[in-house]
Amino acid sequence: MAQAYQKYLDPAVLNQVRNLEMKARAMVEGFITGMHKSPYKGFSVEFAEHREYVQGDDPRFIDWKAFGKSDKYYIKQYEEETNFRAYIVLDTSESMLYGSEGHLNKLEYARYAAASLAYLIQQQSDAAGMALFDEKLYGFVEASTANNKLMEMLALMYDHPPRGKTGVGMILDQLAERISKRALVIVISDFFDKVGAIRSGLDHLRHRKHDIILMHVMDKQETDFTFDRLTQFKGLEDYPQLLVDPRALRKAYLDEVSEFMSDLRAAAFKTRSDYLLMNTSTPLQVALQAYLAARSGGRTGRQSGTRG
Amino acid sequence: MMTTFLVGAGLIAVPIIIHIFNRTRYKRIEWAAMEFLLNAYRKTRRRLRFENLLLLLLRVFAMLFIAFAFFPDGVSNAAKWLLDEAGISFTGGAGATKPQHLVLVLDDTASMRYRELQLTNFDNGIKTANDLLSRLNDRRDRVTLIRVSTVQVAAGDEKKADDETLQRLNRDVPVIDVKKARELLGHALPGYGTGSLLPALREAGRRIASMDDEKEVPRLSIISDMQANAWAFGNPGSAEHQTFVNIMEEIGAKLQKHNIPVMWHVVGQNSTRNRGITGLSLEDPVVGVGIPNSLNVQVGNFGSGGAESSEFKLTYRIDNEEERPFSQSVSVEPGMVRTIRQDIPAFQTAGCHSIQIKITDQDRLEDDNTRTIAFDVVEAVEILIVNGAPDEDFSKDEVAMFKLLLDISSWYNPEEGRKKTINRVSVVTERQLSTTDLSVYDVIAICNVGSVTEEFAKSLYDYLDNRGGSLVFTLGANVNADDYNTHFWREGKGLMPARLDTPEGDDADVGNPKLHTIKGVDLTPGTPFAMFDENDLQRGLLENPTAMRRWYGVSTPAELGLADVVQSRTLLSIVTEGAPELVVDKPFGRGYVALFTSTVNNAWNHLWENRGLSLWMFSELIRYCSSRTAVGRNLMVGEHFTRVLSEREQTGRGNAIENPQSTTDKLVEATLPDGRRRLHYTRTATPGLYRLKYLATDDTGNEIVARTELFSVAIDGRESDVGRLGGTPGPGGAANPPTVLKNALPNLSMVFDQRSEEDAGITGKASTAGSSDIWVLFIGLAMLFLVSEMGASLYFGRRAE
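Protein chains in written order, with the working numbering: chain A, 31 to 338; chain B, 285 to 1085.
Bound-form chain A, shown alone:
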C-alpha cells in the first residue's frame, strides 16, 4: 500500500510533465549519471578517449590493455555525465495554509508541485534535493538520484507541520551557504516577505553560481480579492484581525499586491532568476507544462506565470 505522502505524486501531473526535459540553463559542477553531460572529462563509466600518462596521474587509471598494444602509458578518460543538482525549497509557513473555497490551499498546491518536480528530476536521472522552511530551515535533503531520496522528500513534506512566518530572504542566504556545488534552486513560496530581503538572498545565491527559479504560489482570492460582504480577516502568521467591507478596500489592496508582485518580479529579473506565478486555481499540470515547455524551447525569458 502506498504511503500517504505518495499522494503528492499525482499521475495526472506526472503524465503531463514526464516527457519534458528539464534543462538547466547553466551547467552544474560534478557528475552523476543523468542526461545532463558534463563538459569536463574524468573517470566515469562512459569511455571518452585515451591520453598519455603524465606524472601525477593516478596509476589506477592506466589502461593496461593499451599499454600492451602500444607500450605506452595511456590513461583512460571517460566522459563525465552532467551533474544536474536541483534543490526544491518549499515554504511551509502558516501563510501557505490559505486556500479559497474550491481550491487547494497554497501549501498543498506547492507540495504537489514540489513532488512532481522532484520526481521528474529523478526520472531524468538527475539529483534532486529538498529543503523546507518558514523562518528557519528544516529537513535539508541532499540532492541525490536515489529513489529512496524521493520517498524521503515526500515524507518530509508530508510530516512537517505548517507553522511560523515566512522568512524567504534569510532562508535563501542560508541555502547559499549550505549548497556547496552549483545547483538549480527552485523556491516554491508565496514570498510574503520583504522584497528587499528576498533580493538579498537571491543575490547571494547568484553569487554562488546557482540557478534559481521562483515559483510564486498565490490563491485566486489573493490576486483578485473578490469578497463581496463584510468580512473579518483573521491574519495568519500572527497578524491582527481586521473587520472590513472588502469592496471598499479592494482597490487599495490590489494596488498593494500588484506593487509587491512587481517588485518581486523585478528582483527576479535583476538576479537572472526565473519567476513563475502559480495560481492555485490553475491546474498544476497546466502550470508546470506551460513553464517547462517554454523553458525547454527557450522561448521564454525569465518571467513566466499562470493566472487562473
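Treat the hints loosely; a few may be bogus.
What the hints assert, rightly or not - Taking lysine-lysine and the DSSO-like style, the derived pairs with C-alpha atoms no more than 27 Å apart in a straight line are: (1) B:K464 - B:K382; (2) B:K411 - B:K464; (3) A:K224 - B:K327; (4) A:K195 - A:K300; (5) A:K239 - A:K224; (6) A:K250 - A:K195; (7) B:K382 - B:K538; (8) B:K742 - B:K870; (9) A:K264 - A:K166; (10) B:K311 - A:K195; (11) B:K1026 - B:K538; (12) B:K538 - B:K464; (13) A:K264 - B:K311; (14) B:K327 - A:K281; (15) B:K327 - A:K250; (16) A:K195 - B:K327; (17) A:K166 - A:K179; (18) B:K597 - B:K541; (19) A:K250 - B:K311; (20) A:K166 - A:K300; (21) A:K264 - B:K327; (22) B:K311 - A:K281; (23) B:K538 - B:K499; (24) B:K411 - B:K382; (25) A:K224 - A:K166; (26) B:K499 - B:K463.
Claimed, not checked - Far from chain B, by Cβ distances over 10 Å, these chain A residues were calculated: (27) K95; (28) Y103; (29) Y104; (30) S125; (31) T175; (32) E207.
I should point out that these hints are in silico values taken from the structure, not numbers from a laboratory. Bear in mind the structure is a predicted one, so any value in this text is a computation, not a measurement. Just so it is clear, CB atoms sit at the ideal spot from N, CA and C, and this is done for glycine as well.
Given the coordinates of chain A, assemble chain B onto it according to the supplied hints.
Below, chain B without anything else, positioned relative to chain A:
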C-alpha cells in the same frame, strides 16, 4: 413628550441598529496576505469611515423624513425637546443667546369662534401660538400670555369651571415659562366675550417697557382675526388711534434695539361672512298677563365675503314650546342690520318666561345664531304718583298729563290702535303719603313735591331697602332744593343720584324749538328712551334746551369727585356744550332711583306737540323703572348676575344655578350688613339661558325648588360683525389689515403672518389636501435619500474596483 421622543428616537435608531446589526453579521476567514490588507486599510481608513458615516446619515435622514411624513408634530416636538435638553435654542435673530421673553397677545373674543372650514380662527390662533412657543427654549425663555377678552372661558372643562379658576384667569397676567404657556394654550378655549385689543396692547407695551435689555430679549406677537370692531382704533379716524400709534411706537423702539420686528399673526381669511342676531328685546319691556306684545329682533348680514343670501329664516320659541317661524319673510342685504318685529301671543300666566330666537340657516359663526331673552310676566304694575302741585284744572295739575299717559288703559280703545297697559296708577298728595302703604307699589313717582319731612324721607329709604322698587323724582317750582339735598343727596350717600343746583330758565322759548342730536346717550335696548323713537335713534327729541332746564340743574357725581360713593350715571342729557343732565339715575338699596331734572306737567306736552310727540318720554322712564328686574335678567357675556334677597325671599335651603350646559353651579352668597342675603354669580362666560333655583324644604323635609328665576346671557352684537380692519381687499375694495397697519405705523418694523386654514393649508381635519402634500413631500424626500444611499454604495463599490 418623553413618549414621543422615545418613539421618534426609536425610529431614528432603526437604521443605526441595522447598521450595527450588519456589522455583527460578517464572514470570518483566515487570511494570509494580511500585510497587504493592513497596508490598504491604513491608507484608506479615513475615507472608509467618512463613507460609512455618510451612508449611515443617509439612512438616518431617510428614516427621519419617513417619520416626519407620518408624525410631523411628534418628530418636531421630539427634536425640540432634544435640542432643549441639550440647551440649544431654536430662536434665531439678534440676541439668540440671551433669554427671550415673548409677549403673546392672543385674541380670544367671540369673533375668533368664526369657523373657516373645520377649524375656528381660535384653533388656528392656538396653532400659531404653539408654533411660536416651539421656537423658544423651554428652560431659558419666558412668556407673558395676554388674552384679550376680559371674559374667559375657564381652562379645561368649562362646565367644571369654578370661581377660583376664573379669578385666576382674570387677575394680573403672570410671566410664565414656556412649558406653562404651552399647557395654558393646550387648555385654552375661545371665549364668547368682546373686547378691544387696545388695552391688551397697552399691557403688552407696559410689560415690554419694563424688561431689562441686558437680561432678556423682548418679542411681541399678536394673534388676532383683526375684526374691525375690536381693532377700531386702527382706523385713523378713530378717537383712540393716536393712543394706539403711541403704544406701538414705544414698543417698536424697544424692540428695535434688538433688531426684532413686531409680529402680526392674522388668522382666518380676509373674506368673511356671517349672519347673526345682534339684539333682542320686547316691544314693551313690561310684560303683563293677557297683554299682547312684540319682539324686536335685530339681525345683521355681516362680512365682506358676499354671496351670503339676504334671506333669513327665523324662528322663535317661548319657554319650552315648539319653535314657531316668524310671520314674515326676513331679508337683510349684505352689510346691513335690520330690526324685525314679531308679534307674540299674550302670556296667560305670571312668572318667569323666556323666548329664544334662532336663525335656522347655518353659517360660520354659529354662536350668534341664537339669542334668548328672559323676563317676568306680571299681573299689573302698581304705580304711585305723589302729586306735589295738584290743581283741579287738568292743564295746570302737575301730574294730570303724566297719569293720563301711564294709565292709558283707562281710555283704551282697540279700534284706534291705542295700547292697553297693565299700569295701575294711584295718585296721592303729599299729605296722604303718610297713610299710604308704599310697599305695594312697584314704582313711586315723586312729582314736584315741596318740603321733605324726616318721616317722608324715611319712608322712601325703607321702600327702597325693603321693597326694592323704583323711585322717580320729577322737579318743579315747589321743590326745596336744600331739603332734597339734605335728606336725599346726603353728600352722595343718600338715595338721590345727584345734588340739586339752583333752578334756571323759563318757558319763554317754547315756540321756537330746535332739534338737537343726542350724543353720549346710551340708546341700546334697555335704556329708558331707546324705544322713544325706534325708527331713528339719532333723531333729536329735545327741541328747546332752555325750556328743559327751566327748573333745576344738577351736579353730577363726577364733578363732585364722589364716584366711589355714588354709582350715578347720566341716562339722558342735552347735547349743548355745558348743558346739564336731564335724567340721572343710580341703584340704591335693593331698588333704583331716577332723577328727572324738569317737570312732568303740561308744559312738556305743549313742548312736544309740534313734533307730534308728547310726554311719552315720561312713560318710557316709568316703564323702564317697572321692567328693571327684567333688564337685570338679560346680561351680556361676562356681566355678573346679582340679587339681593329680602327676608321673605330667603327660602332657607340656599340657591343654585343651572347653566346652559344643564349642569348646576353654586352662587356666591354673602350677608350684607343689614342682614339681607346677596347672591352673586360671575360665571356668565357662556351665552344661553340660566335658571336660578330658590331651594326650600317641603313638609316632609325634602328639598324642593320653591321658585325659579330665569336670566339670559348673550354675545355682544358687535362680535357678529366679522368684517376686518380695512375691509375687503381687491378691486374696489378697501385695504386689508396689513395695509392699514403699515399706513398707520410707517416707521415700525413689522412682519405679517397670514394664517388661513383655507388659504395656507393649515393642518387639520379639513386640510386633507395640504396634509397630503406634506406627506408626499416627505415620502419623496425619504425615497430620495434611500436612492442616494444606494447610489453612494454603488459608487463607492465601483470606485474600489
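Structure-based check of each hint:
no., hint, in the structure
1, B:K464 - B:K382, "20 Å, holds"
2, B:K411 - B:K464, "16 Å, holds"
3, A:K224 - B:K327, "19 Å, holds"
4, A:K195 - A:K300, "26 Å, holds"
5, A:K239 - A:K224, "23 Å, holds"
6, A:K250 - A:K195, "21 Å, holds"
7, B:K382 - B:K538, "16 Å, holds"
8, B:K742 - B:K870, "18 Å, holds"
9, A:K264 - A:K166, "24 Å, holds"
10, B:K311 - A:K195, "24 Å, holds"
11, B:K1026 - B:K538, "18 Å, holds"
12, B:K538 - B:K464, "26 Å, holds"
13, A:K264 - B:K311, "10 Å, holds"
14, B:K327 - A:K281, "11 Å, holds"
15, B:K327 - A:K250, "23 Å, holds"
16, A:K195 - B:K327, "24 Å, holds"
17, A:K166 - A:K179, "22 Å, holds"
18, B:K597 - B:K541, "56 Å, violated"
19, A:K250 - B:K311, "18 Å, holds"
20, A:K166 - A:K300, "25 Å, holds"
21, A:K264 - B:K327, "19 Å, holds"
22, B:K311 - A:K281, "20 Å, holds"
23, B:K538 - B:K499, "14 Å, holds"
24, B:K411 - B:K382, "25 Å, holds"
25, A:K224 - A:K166, "16 Å, holds"
26, B:K499 - B:K463, "20 Å, holds"
27, K95, "65 Å, holds"
28, Y103, "65 Å, holds"
29, Y104, "63 Å, holds"
30, S125, "4 Å, violated"
31, T175, "35 Å, holds"
32, E207, "28 Å, holds"
The structure shown violates the earlier hints numbered 18 and 30.
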